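**Student:** In case you want the letters, here they are:
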Amino acid sequence: MRFKTFTSPHMSPARSVNRVMRQVLYALVPGTVAMAWFFGWGVLVNVLLAVTVALAAEALMLMARRRPVKPFVTDLSAVVAGWLFALAVPPLTPWWITLIGVGFAIVVAKHLYGGLGYNPFNPAMVGYVAVVISFPREMTLWLPPGTLADMAFTLPQTLQVIFLGQLPPGLTWDMITGATPLDRIQTELAMDRSLSDIQASPFFGAVAGRGWEWINLFFLLGGLWLIQRRVITWHVPVAMLGSLALISGLFWLINPEVYASPLFHLFSGAAILGAFFIATDPVSGSTTPMGRLVFGAGVGILAYVIRAWGGYAEGVAFAILLMNMMAPTIDHYTQPRVFGKTPARKEG
Amino acid sequence: MTSTPHKLWRFNGGLKLPDHKAESTQETVFKAPLAEYLTLPLRQHIGEMAQPVVKAGDKVYKGQIIARCDTYVGAHIHAPTSGRVRGIEEHPVPHPSGLTAPCVVIEVDGDEDWGEHRMPPIEDLQNLDPARLRHRVREGGLVGMGGAAFPSAVKLNPRPQQAIDTLVVNGAECEPYITCDDMLMRTRADAVIQGLLLVKRTLQPRQCLIGIEDNKPEALRAMTEALGGEENDNIRIVALPSIYPAGGERQLIRVLTGREVPSEGLPADVGVVCHNVGTLANIYRAVIRGEPLISRIVTVTGSGVKRPRNLRVPFGTPISHLVAHAGGYSDDVERLIMGGPMMGFALASDQVPIVKGTNCILAARGEEVDPPGPVMPCIRCGECVRVCPANLLPQQLYWFTRARDFDKAQDYSLFDCIECGCCAHVCPSNIPLVQFYRFAKNEIWSQEREKQEADAARVRHEMRQERLAREKREKAERMNRKKQALNDKPAEDKAADTGNDPKKAAIQAALERAQAKKAAQGADTTPPDQGKPPSDTRTQEKTR
Ligand code: SF4
Ligand code: SF4
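Here the protein sequences come in this chain order: A and B.
Everything in the first sequence is counted per my numbering, starting at 1 for the first residue and increasing by one.
Everything in the second sequence is counted per my numbering, starting at 1001 for the first residue and increasing by one.
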């Protein structure tokens, strides 16, 4: 009798890339829904559009590179990249910006570097930064959170804005768009207003930007679920949010009129989404436990530095890309001590 | 009886696996009937191959030595039963490559006749001296029963500078499916304890720790009963949490004592000797009953056999014979594994024999061991890092191995990998990581071997050059002498003729000088350093 031979281990494997990515997607759902709740249909349209573009670009690139299409498309990593991109851009982003951003992410940041597993930078963030730099105006056109908006866009109206660039009659961009809380603080601080004045506006909620607090809370829930399901480890989120809270807390204590509170920093921008879903991207991040702490802490500090003193109100994307560059070096210097490699410890 | 619980330490990583132990522990150990032929490979342990001392046609008795291995790391092979030697033949042996190797094939006569070959039981146990015990273990061909098959006598002989204070007994049996140690402890706990007492007398450790995973409550109970309590006479039974690979020697020592065996060292370096429960029972058998190692308990299990159970089998029994006594294969059996599902290797055929190191035969159906899906690129998720009990960075090892950068792989401690398979099991990209590490290790070994062969070839070349030069020199000398002899006579004549012409004499002298110089030059081409004799390099290779 002949048998099939394989090498050990022979136990059926417990995980797959597809499963890991699927769980990341599940975890994104609550935050995404919350975001759509506050910012309207545009969020969902963006997600759908970005995911479609990502899948198409992925398939085309795989064919061009003569790689098997099915296993790679079904690994869902492109879906995750597209989805994250969609969450980073304003809800009424024109379709061609999404096309360019996601296309750039998949084609250049991912496949030109060798595809899944080989990209040194997080593709979604590369795509996002590319459009932020190229189309600065469009990228600041956020809507005010729904509870504050004068009107809510219907789905057809949303589609019309995104795909045809046509606002409903009687509206202009200036009338409907606003800044993100971080933007607003940065601009108004530049006009020498004090933080307590700025935050007195109804635009801000209890601890951070109205609406944003809730959105971030739901992303937090999804992130914690990922840790609980052992899809990600706690190291990066804890280090990143910890260092961001620490450094913002420090400056806030020094001068609360100029520096926003730690809670504001955690719950107003992309810190939580970044900490749990983007900085934890295994491919472009650090892989050793110690390295992940260093990596996360680096992202937190850089994000703060960019937000507080840099040219952009939001620093998470840039911080992640900067730390991506450091990841190989960090890994090199944080190798765990190999079992039995130091003089044996004595009993006790 | 119970005192404070024993403190346990942790090792990094490891896995909680479905243990699949229940399948094969429904029935007690069954003594398998003899097969028609027994096929005994000459190499069944780590170390040198044994040399056969029988030939085709010889009658052999049960327990008779049929192949000797007298090197320090070696174990004899005994006839598992009586019969006639059919021959010493190449036969497929249990090896991942499906290789054949020389085996003694015995045609079984069914008499189970020991003849004069049972070793005399040692009676005066109280005064059993260490050398005598070691000798008995060596004569009995005992090797470790945990799978690696390391000759047991060596472990009873620590060097004087290694003060052994702890004897660790491995009853962990952490691989899923395997239950032969479990069943042994359940049924022969007293043999294990008696064997332990013998070893304890020899090594004089301060403490003995018996580690058993807590998924074997019956074994724990039986052992406790045999010991007369959880702790007795500095021997202690410790229930361990079931975390694969807690039964790895280094991991077990860590868990029980907190000590880390140095990367390039042995347990003895931290004052520990570790024996498997099966080995202890065999030591007891060898001393009390005078039986050499000729059979063992093997777990035959998996959904691919109809009646999973543990069988006591003589070595050399073909696996097919064993499977027949485990109810035969189920219809859709796909894979046959020798050893456990994590570290065992898949066999292409069931026509290979059970050897000393065989603890388990796992016949699996498709759904039990799903052939892994397509291999995807490493996404650097670090799952492998999280579970690696050796604290390695498996994804980096994989990366370097793929790039054939073996130096880097060694820098990242490739040789500390115990091939436990944890990393591959959790890898979401389905990468057969362990296969890559084995490949890398083999490449490095073969590169080293090639280098040694190249060195040997260089030495051979130099030897040849020297020989050629010497031959040339000798030839020149011979020619010289002949010429001299020829020259001498005419010279005398000429001298007489020419009346001592000084010019001619000078020319003659110059010619002779030139010739001598030439000859000397010929000799000079001999390399000044004659290199090592080849026999040297051979011994070097041997001692490696
Ligand atoms: S588990 Fe697999 S995919 Fe993840 S880092 Fe290790 S080798 Fe790469
Ligand atoms: S097989 Fe080697 S690298 Fe993989 S987990 Fe085990 S010891 Fe670590």
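Since the hints were derived computationally from the structure, they do not count as laboratory data.
Do not take every clue at face value.
What the hints assert, rightly or not - Going by beta-carbon spacing under 8 Å, a handful of chain A positions derived as facing chain B:
| id | residue |
| --- | --- |
| 1 | ARG2 |
| 2 | LYS4 |
| 3 | PRO13 |
| 4 | GLN23 |
| 5 | TYR118 |
| 6 | GLN166 |
| 7 | ILE176 |
| 8 | THR177 |
| 9 | THR180 |
| 10 | PRO282 |
| 11 | VAL283 |
| 12 | THR288 |
| 13 | VAL338 |
| 14 | PHE339 |
| 15 | GLY340 |
Claimed, not checked - Cross-link-like lysine-lysine pairs, in silico, BS3-like; alpha carbons within 25 Å at most:
| id | chain 1 | residue 1 | chain 2 | residue 2 |
| --- | --- | --- | --- | --- |
| 16 | B | LYS1306 | A | LYS341 |
| 17 | B | LYS1016 | B | LYS1031 |
| 18 | B | LYS1007 | B | LYS1306 |
| 19 | B | LYS1451 | A | LYS4 |
| 20 | B | LYS1408 | B | LYS1451 |
| 21 | B | LYS1031 | B | LYS1306 |
| 22 | B | LYS1441 | B | LYS1451 |
| 23 | B | LYS1021 | B | LYS1306 |
| 24 | A | LYS341 | B | LYS1483 |
| 25 | B | LYS1016 | B | LYS1055 |
| 26 | A | LYS4 | B | LYS1021 |
| 27 | B | LYS1483 | B | LYS1472 |
| 28 | B | LYS1472 | A | LYS341 |
| 29 | B | LYS1472 | B | LYS1482 |
Since the model is a prediction, treat every value here as computed from it, not as a measurement.
Just so it is clear, CB atoms sit at the ideal spot from N, CA and C, and this is done for glycine as well.
**Student:** All the hints need checking, so say for each whether the structure fits it.
**Tutor:** Structure-based check of all given hints:
1. ARG2: 6 Å, holds
2. LYS4: 6 Å, holds
3. PRO13: Constraint on A/PRO13 satisfied, holds at 6 Å.
4. GLN23: At about 11 Å, which exceeds the 8 Å cut-off, the nearest Cβ of chain B leaves the hint on A/GLN23 violated.
5. TYR118: With Cβ-Cβ at 7 Å, under 8 Å, it holds.
6. GLN166: 42 Å, violated
7. ILE176: 40 Å, violated
8. THR177: 38 Å, violated
9. THR180: 31 Å, violated
10. PRO282: 4 Å, holds
11. VAL283: Interface hint status for A/VAL283: holds (5 Å vs cutoff 8 Å).
12. THR288: 6 Å, holds
13. VAL338: 5 Å, holds
14. PHE339: 5 Å, holds
15. GLY340: 4 Å, holds
16. B/LYS1306 x A/LYS341: 46 Å, violated
17. B/LYS1016 x B/LYS1031: 32 Å, violated
18. B/LYS1007 x B/LYS1306: 42 Å, violated
19. B/LYS1451 x A/LYS4: Outside the cut-off at roughly 36 Å; violated.
20. B/LYS1408 x B/LYS1451: 19 Å, holds
21. B/LYS1031 x B/LYS1306: 18 Å, holds
22. B/LYS1441 x B/LYS1451: 15 Å, holds
23. B/LYS1021 x B/LYS1306: Measuring from Cα to Cα gives roughly 15 Å; hence the hint holds.
24. A/LYS341 x B/LYS1483: 72 Å, violated
25. B/LYS1016 x B/LYS1055: Cα-Cα ~50 Å, so violated.
26. A/LYS4 x B/LYS1021: Holds, because 24 Å separates the two Cα atoms, which is no more than 25 Å.
27. B/LYS1483 x B/LYS1472: Distance ~16 Å between B/LYS1483 and B/LYS1472 Cα, so the pair holds.
28. B/LYS1472 x A/LYS341: 57 Å, violated
29. B/LYS1472 x B/LYS1482: Status holds; Cα separation ~15 Å.
Hint compliance for this structure: hints 4, 6, 7, 8, 9, 16, 17, 18, 19, 24, 25, 28 are broken, all remaining hints hold.
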